[in-house]
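**Student:** As a plain string of letters, each chain reads:
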Amino acid sequence: MRVTTLAAALLAASAICGGAQAQDLTGTLKKIKETGSITLGTRDSSVPFSYLDDKQQPIGYAMDLCGRIVEAVKDELKLAKLDVKLNPVTSATRIPLMANGTIDLECGSTTNNVERQQQVSFTITHFLTASRWVTKKSANIKKLTDLKGKTVVSTAGTTNIKQLNEANAAQNLGINIVAAKDHAEAFLMVETDRAVAFVMDDILLAGLVAASKAPAAYEISEDGLSKPEPYGIMLRRDDPAFKKVVDAAMSKIYTSGEITKIYDKWFMNPVPPKNLNLNVPMSAGLKKLMTKPTDSPNPDDY
Amino acid sequence: MFSDFDFDVIARSARYLLVDGLGFTLTLTALATAGGVVFGTLLALARLSSLPLLPRVAGLYVNVLRSLPLVLVIFWFYFLVPYIGQWTTGASRPIQVGAFWSALITFTLFEAAYFCEIIRAGIQSIPRGQIAAGQALGLTYAQVTTTIVLPQAFRTMLPVLLTQTIVLFQDTSLVYVISITDLLGAAAKVAQRDGRLVEMYLFAAAIYFVISLTASLLVKRLQARIAIIR
Amino acid sequence: MNYNWNWGIFFQPSPEGAGTYLGMLVTGLQWTVVTALCSWALAFTLGSIVGIVRTLPQAWARRLGDAYVELFRNIPVLVQMFLWFFVLPELLPQAAGMWVKQLPNAPFWTAVVCLGFFTSARVAEQVRAGILALSRGQSMAGLALGLTRAQTYRHVLLPMAYRIVMPPLTSEFLNNLKNTSVALTIGLLELTARARAIQEFSFQVFEAFTAATVVYLLINLVVVGAMSLLERRLRVPGFIMAK
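Residue numbers (our numbering), protein chains in the order written: chain V, 1 to 302; chain D, 1 to 230; chain C, 1 to 243.
Since the hints were made in silico from the structure, they are not lab data.
Mixed in with the good hints, there may be bad ones.
The calculated BS3-like cross-link candidates involving lysine-lysine, where the alpha carbons are at most 27 Å apart (straight line), are [unchecked claim]: (1) 150(V) <-> 213(V); (2) 101(C) <-> 288(V); (3) 101(C) <-> 137(V); (4) 143(V) <-> 101(C); (5) 150(V) <-> 101(C); (6) 101(C) <-> 148(V); (7) 142(V) <-> 101(C); (8) 227(V) <-> 142(V); (9) 261(V) <-> 101(C); (10) 244(V) <-> 33(V).
Selected chain V positions facing chain D (in silico; Cβ < 10 Å) [said to hold, decoys possible]: (11) 99; (12) 137; (13) 138; (14) 140.
The model shown is predicted, which means the values in this text are computed figures rather than measured ones.
We treat Cβ as the ideally placed atom computed from N, Cα and C, and that holds for glycine.
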């Protein structure tokens, strides 16, 4: 685990104090204890991590994981009742809203990388995914260079749009890059032929294709713009006491093997609202986490 | 062209669109109008006050906000309001503000700048002699303002204030950019989930149109009635 | 406050390769200005026509003009943006719809058309008000002199009406400029969208939005200054202006 010396010192300090008195608590834990509530950032269309079901309630793999974390926080603070509030976020708003205290945990599909760690913190990785693109089969796009001069959409505020921009500049492709507010809106642009391709994490693309009106009409690229990168549930930076509780809860989910059950529920079984089965078995990288949970932002560690 | 128009998707999601979506839009409009008129009145009084500095500060506030696009202001406040809360209350951490409150604060502060200018014009339409008469009777500034100036100013400006409220009602649709579920947000979510954007966006447009048109026709009638009285 | 301030961000290279973050703001500003000017040209033309139509003696023409104004005034501009961008191409015959969608710079053209129609309803209101503000004697005198109705409008009514409504038209122009930011929802990379993108790439929220705010304030100052200069130049001696 990547833990700085300062954080280690604080960790030790908080370990001695235990989690009992409110006045000993700091940061997010103190806030949760005082307000009796915790706010989760949720997504509209990050299938199957965090998305809206038929009743427009957020559900998903990351939501389930957050549910376990919330339980652990409740136990840690010995609260009889913990009110869970939900606040919708987009790729573009999630980091500012985390920093300004609107949300306490972001339960979605946020890539954990070194740059973002300057603003926020991440708990143990819950998925690994590479950046690829989806096109209509009829467009016959095989390689990145086939996108030359075309309109390509990605979601604002993601690592993917940044990688696309960088590739576009480095390889001089002249791609016209359009930023959409959320994944569903971006996919809609491909569906309605506003854009030729949508660059995104492959697992999210698979979810969108499966849920579309004509799944057979789309294909996800072989080529990628990145190695598989880790997703993490996001929390505020410089809050080691809270991170410790969250990390411990996540580690327990992995080491107890409970992860397999939660994972299979969302990736190996039909999921609402359309009862589609994504059929994505757990990757080797993710399996490794069961013995050695980590929150490393480095793709090579998996 | 409407051969595959799916009216069923509207029926299926009507509750969500009208109760959750339109409910949010109307609540936000009503509360932001109330807050905006109150704060706008204070700003107007500040702009017209004879105290040093106060008119300038209020004028700066009004002119800055009126120069900015609402979309930018929505982004600003969504990210900034918790820090402002922390700063004003002296709390140790940013105050947690939900999406609804953030939107309400944004629209109240933004629309107040517009309401301020309307109310200011209303106040200025009142003959100075009335204020002098009130003062001659021994009324304080507060009494002159609340019993003589503002009632008449509001009455004169009522149609314009209501028209601005209709503008506010339409402006609330911009909360879409921060993913809040108002009428348009709800329509967009269903549209994207079910791939029924034609039906959903036309439906949302129709609702906005009917409400705005009805309201503006009522304002016109009111205007005619007030015009006769005066 | 748990925030890393970094005002130097604007001079750092942007991930788009071609320049700095400052460069992103500048291209954003260019799109804002071009979109505002093009849509204003459309709005001014359409709005003038509709405004004039609404003062004609023919009742059916007036009613048609009224309906036009009500249609575009009573639907939020963001919803209109979605109707033009997402809905219209689906309602066209397939080939035409495809053509519209694959236009280069589709968000730009959509924004111009959408804002042009939206603002034209407001311009029409002002033009109509300006014409109605003139005394009836003016048009009667024009017609009595043997001018046709078109000539009366061209040489008698409109030159005065436009001067009278110059201040409200200036504020409509500024509203139109501010409304270009709504086009970020359909992918136009204008100033607000660029500020948001800077925030997303660099995480420097407050710096990015501050910069955009300052730019909008400057644009306003420039426009207001230029228009008051123009108003003074065009003032008709001996005529009391609305202001």
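**Student:** Compare the structure with each hint and give your call.
**Tutor:** Going down the list of hints, with the structure as the test:
Annotation: proposed proximity of residue 150(V) to residue 213(V) holds, straight-line Cα distance about 24 Å (limit 27 Å). For the hint linking residue 101(C) to residue 288(V), the alpha-carbon distance of about 46 Å lies beyond 27 Å, and the restraint is violated. The suggested pairing of residue 101(C) with residue 137(V) holds, with an alpha-carbon distance near 18 Å, which does not exceed 27 Å. Only pairs whose Cα atoms come within 27 Å are accepted, and residue 143(V) paired with residue 101(C) is accepted, the gap being roughly 23 Å.
Of the supplied pair hints, the one linking residue 150(V) and residue 101(C) holds, its CA atoms being roughly 12 Å apart against a limit of 27 Å. Between the alpha carbons of residue 101(C) and residue 148(V) the distance comes to roughly 18 Å, so the proposed pair stays at or under 27 Å and holds. The straight-line distance between the Cα atoms of residue 142(V) and residue 101(C) is roughly 22 Å, inside the 27 Å bound, and the hint therefore holds. Among the hinted pairs, residue 227(V) with residue 142(V) is consistent with the structure: their alpha-carbon atoms are about 18 Å apart, no more than 27 Å.
This hinted pair does not check out: residue 261(V) and residue 101(C) have alpha carbons roughly 44 Å apart, beyond 27 Å. As the CA atoms of residue 244(V) and residue 33(V) are separated by approximately 16 Å, the hinted pair is consistent with the 27 Å bound. Using the Cβ-Cβ criterion of 10 Å, the hint placing residue 99(V) at the interface with chain D is satisfied: the shortest such distance is roughly 8 Å. Because the smallest distance between the Cβ of residue 137(V) and any Cβ of chain D comes to about 18 Å, over 10 Å, the interface hint for this residue is violated.
With its C-beta approaching chain D no nearer than about 18 Å, residue 138(V) sits outside the 10 Å limit, and its interface hint is violated. At about 23 Å, the closest approach between the beta carbon of residue 140(V) and any beta carbon in chain D exceeds 10 Å, and the interface hint on this residue is violated.
Consistency with the previously given hints fails for numbers 2, 9, 12, 13, 14, ordered from lowest to highest.
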